[in-house]
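First to last, the sequence lines map onto chains A and U. Under the working numbering, the residue at position 12 of the first sequence is numbered 12, and the numbers go up by one with no gaps. Under the working numbering, the residue at position 100 of the second sequence is numbered 100, and the numbers go up by one with no gaps.
Possibly wrong hints are sitting among the right ones.
Claimed, not checked - Part of the chain A face toward chain U, derived, beta carbon under 10 Å:
no.: 1; residue: I4
no.: 2; residue: S7
no.: 3; residue: P8
no.: 4; residue: Y35
no.: 5; residue: G40
no.: 6; residue: G42
no.: 7; residue: R44
no.: 8; residue: G63
no.: 9; residue: S65
no.: 10; residue: S67
no.: 11; residue: E69
no.: 12; residue: P85
no.: 13; residue: L90
no.: 14; residue: I115
Hints are computed from structural coordinates only; laboratory data are not their basis. The structure presented is a predicted model; accordingly, all values stated were derived computationally and were not measured. Where a beta carbon is used, it is the ideal one built from N, C-alpha and C, also for glycine.
Here's the letter readout for the chains.
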Amino acid sequence: DGGITQSPKYLFRKEGQNVTLSCEQNLNHDAMYWYRQDPGQGLRLIYYSQIVNDFQKGDIAEGYSVSREKKESFPLTVTSAQKNPTAFYLCASSQLRSGVLNQPQHFGDGTRLSIL
Amino acid sequence: AQRVTQPEKLLSVFKGAPVELKCNYSYSGSPELFWYVQYSRQRLQLLLRHISRESIKGFTADLNKGETSFHLKKPFAQEEDSAMYYCAPPHNQGGKLIFGQGTELSVKP
Numbered sequence: 001d002g003g004i005t006q007s008p009k010y011l012f013r014k015e016g017q018n019v020t021l022s023c024e025q026n027l028n029h030d031a032m033y034w035y036r037q038d039p040g041q042g043l044r045l046i047y048y049s050q051i052v053n054d055f056q057k058g059d060i061a062e063g064y065s066v067s068r069e070k071k072e073s074f075p076l077t078v079t080s081a082q083k084n085p086t087a088f089y090l091c092a093s094s095q096l097r098s099g100v101l102n103q104p105q106h107f108g109d110g111t112r113l114s115i116l
Numbered sequence: 001a002q003r004v005t006q007p008e009k010l011l012s013v014f015k016g017a018p019v020e021l022k023c024n025y026s027y028s029g030s031p032e033l034f035w036y037v038q039y040s041r042q043r044l045q046l047l048l049r050h051i052s053r054e055s056i057k058g059f060t061a062d063l064n065k066g067e068t069s070f071h072l073k074k075p076f077a078q079e080e081d082s083a084m085y086y087c088a089p090p091h092n093q094g095g096k097l098i099f100g101q102g103t104e105l106s107v108k109p
């Protein structure tokens, strides 16, 4: 069954600690995305990647890092520099068509990150 | 900058009442807009896209270029329609997807 898998479902971070959120897709999609969802603020784009070994910053990239070593994987690291990391994180993917990103996105179930 | 605006954070209606979730966009060119829905404890999923002109779960959305709107409508709301709804264009400006702020729809019995 094709889809996007995010893990873990819940994650706790200690002060000064980096944590990594996993996102895997078996949809053979070219593009992958990370969003942060906060109450009353909708979805905000953190990072996105259109192709392996390449990624771009979104609107709120500070304090986060990503890698795209494989097409199916796009892990997000929340670094200690991110001062307000408590949020719900959503990963998504979409197909590219003729180099134009105009396809709908498929989302994972999300990871809820909290501070200890 | 290209923007999508959902002016209502919360919309509360009674079961059987019509519902309209507003979405306004501000960019040039031919927009292609989507509505996404997030039911409680479920993942965000595509509800409909204007290009297909489909009706999903009784919802429709018409693109109004004159008013730059893409409002989501349903003539008779059901309790199971209670969810968060996001309006979004697809990718633009090099791949960045911009979602609206989202509207929480609450359908009361």
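We went through each hint and held it up to the structure:
Proximity of A/I4 to chain U holds as hinted, the smallest CB-CB distance being about 8 Å (cut-off 10 Å). Checking A/S7 against chain U by beta carbon gives a least distance of about 14 Å; that is not within 10 Å, so the hint is violated. With a cut of 10 Å, the hint placing A/P8 at the interface with chain U is violated, because the nearest CB-to-CB distance is about 15 Å. For A/Y35, the interface hint holds, the least distance from its beta-carbon to any beta-carbon of chain U being 8 Å, beneath 10 Å.
Restraint check, A/G40 versus chain U: the minimum CB separation of about 6 Å is within 10 Å; hint holds. Given the 10 Å rule on beta carbons, the hint for A/G42 holds: about 4 Å separates it from the nearest Cβ of chain U. The interface hint given for A/R44 holds, since its Cβ lies 8 Å from the closest Cβ of chain U, which is under the 10 Å cut-off. Because the beta carbon of A/G63 sits about 19 Å from the nearest beta carbon in chain U, more than 10 Å, this interface hint is broken.
Evaluation of the A/S65 hint against chain U yields a violated restraint, the C-beta minimum of about 18 Å exceeding 10 Å. For A/S67, the interface hint is violated, since its Cβ never comes within 10 Å of a Cβ in chain U; the closest pair sits about 17 Å apart. Restraint check, A/E69 versus chain U: the minimum CB separation of about 19 Å is more than 10 Å; hint violated. Hint status for A/P85: violated, given a least beta-carbon distance of 20 Å to chain U, over 10 Å.
The beta carbon of A/L90 comes within 6 Å of a beta carbon in chain U, closer than 10 Å, and the hint placing it at the interface holds. At a threshold of 10 Å, the smallest CB-CB gap from A/I115 to chain U is about 23 Å, leaving the interface hint violated.
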